[in-house]
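*Asks:* For chain V, the structure is supplied; the task is to place chain W on it using the hints.
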Amino acid sequence: MTLPLTPSDVDLLMQMISGDEHAFTALYRRRQGGVYRFALQMSGSRGIAEDVTQEVFIVLMREAHRYDSSRGSLAAYLYGIARNHVLRRLERDRLFVQLGDATEDHHESGSATLVAEGDPLGDLTRNEMIDEVRQAVLALPSRYREVVVLCDLHEMSYAEAAAVAGCAVGTVRSRLHRGRALLVEKLRSARSAGNERLVNQERCFA
Amino acid sequence: MNCQSFEAMVIDLARDQMMEATARDQALAHAVNCEMCAGRLADEKALTAGLRKFGETSEAAPAHVEASLREMFRAMSATPAEPVVTQTESGSRQWLRWAAVAAVIVFVALLALTATRVRNGRTQSDQQEANAPQSGQPSGVPRVDPKPVEASHQVAGLHQPQRRRPIVRRNSQRDSSTKDRGRLEENRSEIATEFIPLVHGEEMSPADGGQLVRVEMPRSALAAFGLPMNIERAGERVKADVVFGNDGLARAIRFVH
Numbered sequence: 184m185t186l187p188l189t190p191s192d193v194d195l196l197m198q199m200i201s202g203d204e205h206a207f208t209a210l211y212r213r214r215q216g217g218v219y220r221f222a223l224q225m226s227g228s229r230g231i232a233e234d235v236t237q238e239v240f241i242v243l244m245r246e247a248h249r250y251d252s253s254r255g256s257l258a259a260y261l262y263g264i265a266r267n268h269v270l271r272r273l274e275r276d277r278l279f280v281q282l283g284d285a286t287e288d289h290h291e292s293g294s295a296t297l298v299a300e301g302d303p304l305g306d307l308t309r310n311e312m313i314d315e316v317r318q319a320v321l322a323l324p325s326r327y328r329e330v331v332v333l334c335d336l337h338e339m340s341y342a343e344a345a346a347v348a349g350c351a352v353g354t355v356r357s358r359l360h361r362g363r364a365l366l367v368e369k370l371r372s373a374r375s376a377g378n379e380r381l382v383n384q385e386r387c388f389a
Numbered sequence: 004m005n006c007q008s009f010e011a012m013v014i015d016l017a018r019d020q021m022m023e024a025t026a027r028d029q030a031l032a033h034a035v036n037c038e039m040c041a042g043r044l045a046d047e048k049a050l051t052a053g054l055r056k057f058g059e060t061s062e063a064a065p066a067h068v069e070a071s072l073r074e075m076f077r078a079m080s081a082t083p084a085e086p087v088v089t090q091t092e093s094g095s096r097q098w099l100r101w102a103a104v105a106a107v108i109v110f111v112a113l114l115a116l117t118a119t120r121v122r123n124g125r126t127q128s129d130q131q132e133a134n135a136p137q138s139g140q141p142s143g144v145p146r147v148d149p150k151p152v153e154a155s156h157q158v159a160g161l162h163q164p165q166r167r168r169p170i171v172r173r174n175s176q177r178d179s180s181t182k183d184r185g186r187l188e189e190n191r192s193e194i195a196t197e198f199i200p201l202v203h204g205e206e207m208s209p210a211d212g213g214q215l216v217r218v219e220m221p222r223s224a225l226a227a228f229g230l231p232m233n234i235e236r237a238g239e240r241v242k243a244d245v246v247f248g249n250d251g252l253a254r255a256i257r258f259v260h
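Protein chains in written order, with the working numbering: chain V, 184 to 389; chain W, 4 to 260.
Calculated directly from the structure, the hints in this document are not laboratory data. Remember, predicted model here, so these are calculated numbers, not experimental data. Heads up, the beta-carbon is just placed ideally off N, CA and C, and yes, glycines get one too.
Listing some non-contacts, in silico: residues in chain W with all C-beta distances to chain V over 12 Å:
| # | residue |
| --- | --- |
| 1 | ALA26 |
| 2 | ARG100 |
| 3 | ALA103 |
| 4 | VAL104 |
| 5 | ALA112 |
| 6 | GLY124 |
| 7 | PRO200 |
| 8 | GLN214 |
| 9 | PRO231 |
With beta-carbon atoms standing in for the labels, derived distance ranges:
| # | chain 1 | residue 1 | chain 2 | residue 2 | range |
| --- | --- | --- | --- | --- | --- |
| 10 | V | GLU338 | W | ARG77 | 31 to 37 Å |
| 11 | W | ARG100 | V | THR354 | 47 to 53 Å |
| 12 | V | THR189 | W | GLN7 | 42 to 48 Å |
Covered by chain V, according to a simulated footprint, are these stretches of chain W (three or more residues, beta-carbon under 8 Å):
| # | region |
| --- | --- |
| 13 | 49 to 59 |
| 14 | 62 to 73 |
Here chain V stands alone, though its shape is the one from the complex (with noise of 0.2 Å):
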């Protein structure tokens, strides 16, 4: 017989409700980086995503009975709280960051260069094509750029992504879908026109 050595996220939850504050660390530190993360590749601001896991970790010490573990797991609540914050404050803000533009916070690799030697889809894995991920990431509408965030960033099955996104199963894979093959229209599109691969051409739809 083993006892488990980590306690789950539900057990921290109960501690920290009772009023441990060593539960709720060890709770914010297993999930805040998850939480920043998202909000920080949702929104491509460092602050935002400082002020989005703050408000996150707020509102679960306010409201931590309002968790209903039936509805899912304690880390899809806290981006589910995540997403709602990032998309008010963009809103606000209006803080959507066009493909080309200088973000404020990554815009240090220099990347006027978006234009990548040779084939960038099959460069991809390169470091240095990181940050053009990023900035097409960023350019996509709201509504893809979660589920791509989600399910490709942090590799989310799908009814894990519906239930942060609010939405259906299948409604999260038609986003998906969507959103990547914008994601390949707008690396694509910062090649050269020479360079580029007619890959939709004399498909066989027959």
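*Replies:* Below, chain W alone, put in the same frame as chain V:
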């Protein structure tokens, strides 16, 4: 499998999602034979790899966020009693204020109800006294001049039953108000003679006061006052209002139809 079916699966293939083994094999076989779909799959795999590379960045919230949250947690954990007590006190004060207002309203309502009942009781006792059977036979010369009762109530010195004001409908008073309304309707439909004096040589001054009592008597009494009477209906009874002075003597009478 054609390219359309492949397109529906290409993202799951690129993301290494779980799917049926046969479907996966068919899709991969199609990609081998179709150059365009192979390129599409390669693009999606490259995109997936790039996105995962981007997602693997291990960024975390700065330490000051954790510090401020822990401080906030300590503050919220340390001070739940005071705000709750404060809210409870303010809530109880507010509750007490509303309770006091409600008590005043109930007290006023009870006072009004009691006053109404006392007034009704007095009126009913007056009417019971007035309806008590009276004796005394009149004499004199009658003069028939039919007119509505309300007009003939303007007799000087008579203590007439006052018409009640409309009573606010309440369950406890519904019966009495209904009776009053019926009596009022009855009075409006009555026709009466003028008052015929029963005691000659004495006039009632307004200060004398008196009471008006509704009585019933044999129709034959009409003849005693010189009023026309149908002999065939002599056995019937007729209503009359008799005026009694403070000494208890009947002073005047009128007949009511």
